[in-house]
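Undergrad: Each chain, written out:
There are 2 protein chains.
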Amino acid sequence: MPDPKTPSTGAEPTSPAAPDASAITSRTRPLDETPTLAAMAVELIRTPTALVQLSADEARQVVAFMRMVVVPKDTVLLREGDAGSVNTMLLLLEGQVAVDTGLAGGAPGLEIAVIGPGSIIGEMSLLDGAPRSASCTTVSIVKAAGLSRGGLERLIEEHPRVAAKLMVGVAQRIAERLRSLGQQLLVYSQIAASLQARLDQQRHET
Amino acid sequence: MPDPKTPSTGAEPTSPAAPDASAITSRTRPLDETPTLAAMAVELIRTPTALVQLSADEARQVVAFMRMVVVPKDTVLLREGDAGSVNTMLLLLEGQVAVDTGLAGGAPGLEIAVIGPGSIIGEMSLLDGAPRSASCTTVSIVKAAGLSRGGLERLIEEHPRVAAKLMVGVAQRIAERLRSLGQQLLVYSQIAASLQARLDQQRHET
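Chains as they are written, first to last, in our numbering: chain B, 1 to 206; chain E, 1 to 206.
Same shape as in the complex, but just chain B (with noise of 0.2 Å):
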C-alpha cells in the first residue's frame, strides 16, 4: 500500500537519480492516458515568452515525457531544506498548494503564497539537485503534470529544439520570481528602516 502522506512523482522507472522510482510508478501513469489533463498541460505550457513560443505540437512532445500525479488533500509535497530526493519537476493542472518560504513571524501577508494551475513546483531542485527552498502542501486535491529528471534528459535527448524552448520557459518563470522576491526584499528594507527611524525618535523623547 503506497503511503497516503507520501505524494506519487511520476519520477521515470529507468532513472538511476531517482531512489524511490520504484513506489512511485506504481502510482502513476503517463499523462497522455488523460486526454483531458494532457490537453490543459498542453496550454499550460505553451506561456508565451519573450524570446520562444512552444507551438502546441511542440508542447504535445513535452506532455509526452509527463506523468499525471495525483496528490490527496493536506500533503507536503516538498519540505524547505529537503534534499531533491524527489527529482520530479511538478506542473498543477487541478486544485492548489500553498508554499511557505519560512518567512512567518515577518510582515504578514508575505509569507505565504497558494498557488494553482499553471504554476509549477520543484523546478528548481530539479535543475540544482539544491535543498528545497519552500515547502509546500496541498490545500485540495491535486492534480499534475510531473516531469522527472530522467524525463526532462530524455526530452533533451530525443527533441533537443522543444527542450531547450521549454527550458527558455522555466528560466523565464524563475526569473519572474526572482524579481517578485526583490520587490518584497525592497518592502521589507523599507519596514526594517522606518521601524528603526521610530526607534531612535522613542529614544531621543524618553
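Watch out, some of these pointers could steer you wrong.
[To be verified] If the Cβ cut is set under 7 Å, some of the chain B residues that face chain E in the computed set are:
#1 Q61
#2 P160
#3 V170
[Claimed, not checked] Computed far set for chain B versus chain E, every beta-carbon distance over 10 Å:
#4 A38
#5 M40
#6 L44
#7 V70
#8 R203
Hint data in this document are derived by calculation from the structure and do not stem from the laboratory.
All residues carry an ideal CB built from backbone N, CA and C; glycine is no exception.
Given chain B, put chain E in place with the hints provided.
TA: Only chain E this time, still in chain B's reference frame:
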C-alpha cells in the same frame, strides 16, 4: 566615435530585436578572434550543474555565437527599471561589476554586490524582456562574452541540444540567486520583527 559611456553589447548585426545594432557591431568582434578569452569563456560556460554539463566541444559551439565586449571603467551597463533594449547576456571574463539592487537605505552589506569573472548579467531581461532588476556599473575595465537574443535563437536552431543544456545552466544560475535572495529576505524579516518587538517594549516602558 563610439560614446565611451555606452557599452558595446555584442548584438547580432542581423537581429531585428536589437535597435541599436548598427552602433554596436562597429565596436565588437567575434569572441573566437581572441583565442585566450574564447578559451576562458569555454571553461566558464562549462560550470557543472546537477543535471547536465556541456562538453568542451559544446561550450565551443556556444562561444562561436558570442562576441567580445570591452567596456570602460565606470560605465553603466544596465540601469534598474530600463526596458530590455540591450538584448544581450554578458558572461564576465575580466574585470568587475557593481550590482546595485536599489536596496540602499536598508541594512548595510546587502544592497551592493561586486561580481567578477564567471558571473552572468542581463540574462533575465534577455529571457523575458522585462525591465532590468538591478543597476550594473563597471568598477574596472571589463571584458565580457556577449550572447545576443538573435545569437541565442540561432544557437537553438542550429545546435538545439547545446542550447538546451546552456539554458539549464542559465536557469540554474537564476535559481541560485533566487535562493540567495530568499535568505536575505529571511534576514530582513527577522530584523523587522526584532525592531518591532523593541518598539513595542519601549512603548510599554514609557
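Undergrad: It remains to establish, for every hint, whether it holds in the given structure.
TA: These are the hints, each one checked on the structure:
For Q61/B, the interface hint is violated, since its Cβ never comes within 7 Å of a Cβ in chain E; the closest pair sits about 12 Å apart. About 4 Å separates the beta-carbon of P160/B from the nearest beta-carbon of chain E, less than 7 Å, and the hint is met. Look at V170/B: its Cβ gets to within about 5 Å of chain E, closer than 7 Å, so that hint holds up. Against chain E, the non-interface label of A38/B holds: every CB pair exceeds 10 Å, the least being about 22 Å.
In this structure M40/B is separated from chain E by more than 10 Å, as the shortest Cβ-Cβ distance comes to about 24 Å. Non-interface status of L44/B relative to chain E is upheld: no Cβ of that chain comes within 10 Å, the nearest being about 17 Å off. Every CB of chain E lies more than 10 Å from the CB of V70/B, the least distance being 26 Å, so the non-interface label holds. With a minimum CB-CB distance of about 7 Å to chain E, R203/B fails to clear the 10 Å threshold, and the non-interface call is violated.
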